[in-house]
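Undergrad: Below, each chain spelled out in residue letters.
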Amino acid sequence: MPFIPHTENEINAMLESIGVKQIDDLFGEVPKELRAGELTKIPHGLSEMQMTQLMTERGAQDGRPVCFIGAGAYDHYVPAAVWQITTRGEFYTAYTPYQAEASQGTLQLIYEFQSMMTTLTGMDVSNASVYDGASSLAEAILMSVRANRKSKSKRILVPRNVNPTYRSATHTLVNGQNIELIDVPYDADTGCINLDALKAFEGEDFAAVVIQQPNFFGSLEDVDAITDWAHANNALVIGIVNPLAMSILKPAGQWGEAGADIACGDGQPLGAPLSSGGPYYGIMTCKKALVRQMPGRIVGRTVDEDGKEGFVLTLQAREQHIRRSKATSNICTNQGLVVTASTIHMSILGAAGLENAASQSHLNTASLVEKVCAIEGVEKVFNSASFHETVIKLNKPAKAVLDAMTNENIIGGFDLADNYPELGDAILVCATEQRTEKQIDQYVGALTKALSEV
Amino acid sequence: MLIFEHSKRGLHKRDTAELKGIPANMRRAEPAKLPEVSELQAVRHFTRLSTRNFSIDTHFYPLGSCTMKYNPRVANSIALMPEFAGRHPLAPEKFSQGFLGCMYELQEMLCEVTGMKGFSLAPMAGAQGEFAGIAMIRAYHDANGDHERREILVPDAAHGTNPATATMCGYTVKEIPTLANGDVNLEALEAAIGPQTAGLMLTNPSTLGVFERQIQKIAKMIHQAGGLLYYDGANLNAILGKIRPGDMGFDVIHSNLHKTFATPHGGGGPGSGAIGVSARLIPFMPIAGVIKDEGQGKELYRWANKTDYPQSIGHLSAFFGNPGVLIRAYVYMRLLGRDGMSRVSEFSTLNANYMMAEMKKAGFQAAIPDRFASHEFIITLKKQAKELHVTAMDFAKRLLDLGYHAPTTYFPLLVPECLLIEPTETESKEDLDGFIKAMVQIQQEAENNPEIVTTAPHTMPVKRLDEVRAAKQLDLSWTVTQAS
Amino acid sequence: MSNIPEELKYTASHEWVKMNDDGTVSVGLTEHAQELLGDIVFVETPEIETEFAAEEACCVVESVKAASDVYMPISGEIVDTNGELTERPEIINSSPYDDGWIFKIKPSNEDELEGLMDAQSYEDSLED
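Residue numbers (the working numbering), protein chains in the order written: chain A, 1 to 454; chain B, 1 to 484; chain C, 1 to 128.
It should be emphasised that the hints constitute simulated quantities derived from the structure, not laboratory data. Any given hint could be a false lead.
Unchecked claim - Cut-off 30 angstroms, straight-line C-alpha distance, at most; resulting in silico cross-link-like pairs (BS3-like, lysine-lysine):
#1 B:Lys292 / A:Lys41
#2 B:Lys472 / C:Lys18
#3 C:Lys65 / B:Lys386
#4 B:Lys20 / A:Lys371
#5 C:Lys65 / C:Lys104
#6 B:Lys217 / A:Lys41
#7 B:Lys220 / A:Lys41
#8 B:Lys33 / A:Lys288
#9 B:Lys242 / A:Lys32
#10 A:Lys380 / B:Lys298
Using the sequences provided together with the hints, build the complete structure.
TA: Given below as structure tokens:
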């Protein structure tokens, strides 16, 4: 019996202690008609060896294509030590650190994580993370509505160049609270937010403005001007940031005169494997004045009875297990294990290592774009500065071209047709620091071939 | 010592490529103040930190309502195989049939074991599963033009997430009292139900560690009033393979894969709160699930989209939930197989009832002494608190000294000075006996030498921490000014 | 037994109410309430010039283990808040009826004061 440690004798002794004849008697209070029959749709159990063989087969079926998609999940290198330490049983199989004295490892690690997030984003405080980038935006928006006392409205300006699934997930998550997400168009030439487009909202009441840096197209926003404009209009600024980009770009806390009020985003680029979309983690940082509006777990440093340094979950009164229907959010989970990996990742790489990975990714994408734009019928769509991701336009149907490239074992980019039909046959491409020159050349070859065949 | 305090400036060399095309005013002026340490220093620091944790792999962890069972290692090694760990979420279906096949089968197995008609793997945690479930209930009523249903009923024994979720979905919450025997107060429920009722959220077995015997009656009452029934799957371990929420009449359930299906708790996450629905809620399911298209003698797996679920509540995450967790749950379910499912509930129930019986014999007071326990049970220490001034929290802290993680304390809120104890099916009799022995020892200490209990723990890396100071003098991150 | 000053009025949600000479009304938490909450670590005072209806939640008092809404005992406008609480929230514990006052209201309808409990009724309500 997998994972059940009792012998027959022990089972009998335990039943005797309880005073029943068989285990089934313990379910005697359950009405007979509710008892389940045989679960025929579940296969019989496999041994560990059989299971490993099955999954090796399933994995082989999918192969290992060379990936040139980013679109919110980036194929960065993770040092071997990161997940080896992360999956030590003491981290892997611990619960949420509610018993502080028996959880100092996890608690100190989260404190270190919070410290790393604040220096990276330039913000005052960080929580222990939320689920992912999309949910971090939703939580940031809920937070801004609670926090902005100057605004009576629940309206949020959300540019169309913010990650489309972040926008739709946010819609799902805040819909119940009558929050209105208002689309702001992007500039057709730059792909960026145009201040003129924002000016149409001047004099109106809205609680916050969202800026993604770099935006979904990889383009860099004029974050200083937008931040100052938002503050001049009594709105809070929510920055969605790529944390790896933060190692080289101006941190959210320094945008404009006063800095962003909340910075969120997805922590995946810092040590989380792509893993089909998760688990990643959501970054949640803000100015100190907003800390009590922040959802999720927060670790604080304090002292014990002997004055010795220690760490505890703090500000718990905001949370669901105490506030119940009045909590700041229903969220309880932080992505503890991924945060553990990320903290170790940042410690091993340091600022220099992150800068190297960021700049090499940027260089690789620039090199890829330069090479593909030399192909007849391929061009860059936006003329703005960008970071490690760019939109290119094809003179053939994008879907067919991408399909053809899969024959060369290449994932050629993210087709923008569903979300941005106005861009025509446009794809979003990214070459991280892991893409070799040879792979980039293979991409160019595969694209050339596909364009000629389609 | 913090990792930052090991840092030495100038240790790491920059090999930074040119940031072509990025204007100076958009760049960072000063490097982030991350630690600069050698790889060995980092490995040693975090390995040492790990030893300052209790975990399932090192200690018996009978945390009620959390199902701290053994997490099979093979599930982790498979999830980290490069073909799964390295798979981009937006990879074309051509490179995804192996992975999507596993996800499809996981949905099917979850449907079978819970008696539901459809399953979505999208929610990233139990609380998000709850959110999705209640949002679907709301979408369902809205689609029927039933806009007056604005109230969710929640028993007072429920987890805090239940009322918080209902509020997030724009509902008001009405609490329903529980009887001393652990069942829902039907009279109060009857009085609370009305045309404003959108639904009821129920955990069964309840957080009081007993099976709700009137469940069929409750389901009928809610359904007759036009409401829907939500099953909080936190305690699914207690009935797995034996009793199915779908058969009890529930319309929507979430399952905490990190509890029932042995994916790691990871020090606070990631979780996964997959949700199952009855037939009438299928059109409202969140994006995305996995669909199997059959035709021309070929099977093709793909992600579901809006056309599959026309009235979908939408996305919940940037991609598709937490597939890395789902793979682990899939492996676990395949290892257990058909017969292994009911063994989970049988042996977790046996262990809980055995512990409750032995603890009663040792003189401890069970909160609901005359009924069988589910997979967990409650001991109340109100007598100890009153007569010896030793509280449930003191017992909990002293247990740490004796090598046991504390049970859940002060939850459910209805029972004073309570310990909610959940041993799970994977613990041996020796460990159950060891815990009981430790509780007896603490009881004796409380009678003879209470101070050793009230000042516990004594053997942990730190003693009791000053939480007032932590909340008042907020120190939430290390800053350079703290550097020596 | 908690200290319940005779000269004040009370609500069922444990606020005390004091009529000031200038026509304003001071509000704080009773000794009983602060005992229930334990060590207060934070007070979020309401914005001055905001108007609230009676029984509306207008600010939050936080201890380590709990956060509790403070409710408007009567309708009115917030005219002053206790700035001292920002730095020293613990004065609600040490001096609930004096230094630990939370805010002052300009009542919109003084008749509502009649609906509040006197010290004796509040004391009785605690015994139930």
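Undergrad: Now tell me if each hint is right for this structure.
TA: So, going through the hints one by one against the coordinates:
As the CA atoms of Lys292 of chain B and Lys41 of chain A are separated by approximately 16 angstroms, the hinted pair is consistent with the 30 angstroms bound. In summary, the hint linking Lys472 of chain B to Lys18 of chain C is supported, as the alpha carbons are separated by about 29 angstroms, within the 30 angstroms threshold. Annotation: proposed proximity of Lys65 of chain C to Lys386 of chain B holds, straight-line Cα distance about 21 angstroms (limit 30 angstroms). For the hint linking Lys20 of chain B to Lys371 of chain A, the alpha-carbon distance of about 15 angstroms falls within 30 angstroms, and the restraint holds.
In summary, the hint linking Lys65 of chain C to Lys104 of chain C is supported, as the alpha carbons are separated by about 27 angstroms, within the 30 angstroms threshold. Taken as a hint, the Lys217 of chain B and Lys41 of chain A pair is honoured in the structure, with Cα atoms around 29 angstroms apart against an allowance of 30 angstroms. Among the hinted pairs, Lys220 of chain B with Lys41 of chain A is consistent with the structure: their alpha-carbon atoms are about 28 angstroms apart, no more than 30 angstroms. As the CA atoms of Lys33 of chain B and Lys288 of chain A are separated by approximately 19 angstroms, the hinted pair is consistent with the 30 angstroms bound.
Distance hint between Lys242 of chain B and Lys32 of chain A is fulfilled; the C-alpha atoms sit about 11 angstroms from each other, no more than 30 angstroms. Pair hint Lys380 of chain A plus Lys298 of chain B does not hold up; C-alpha atoms about 39 angstroms apart against a cutoff of 30 angstroms.
Against the hints set out earlier in the document, a violation occurs for number 10 only.
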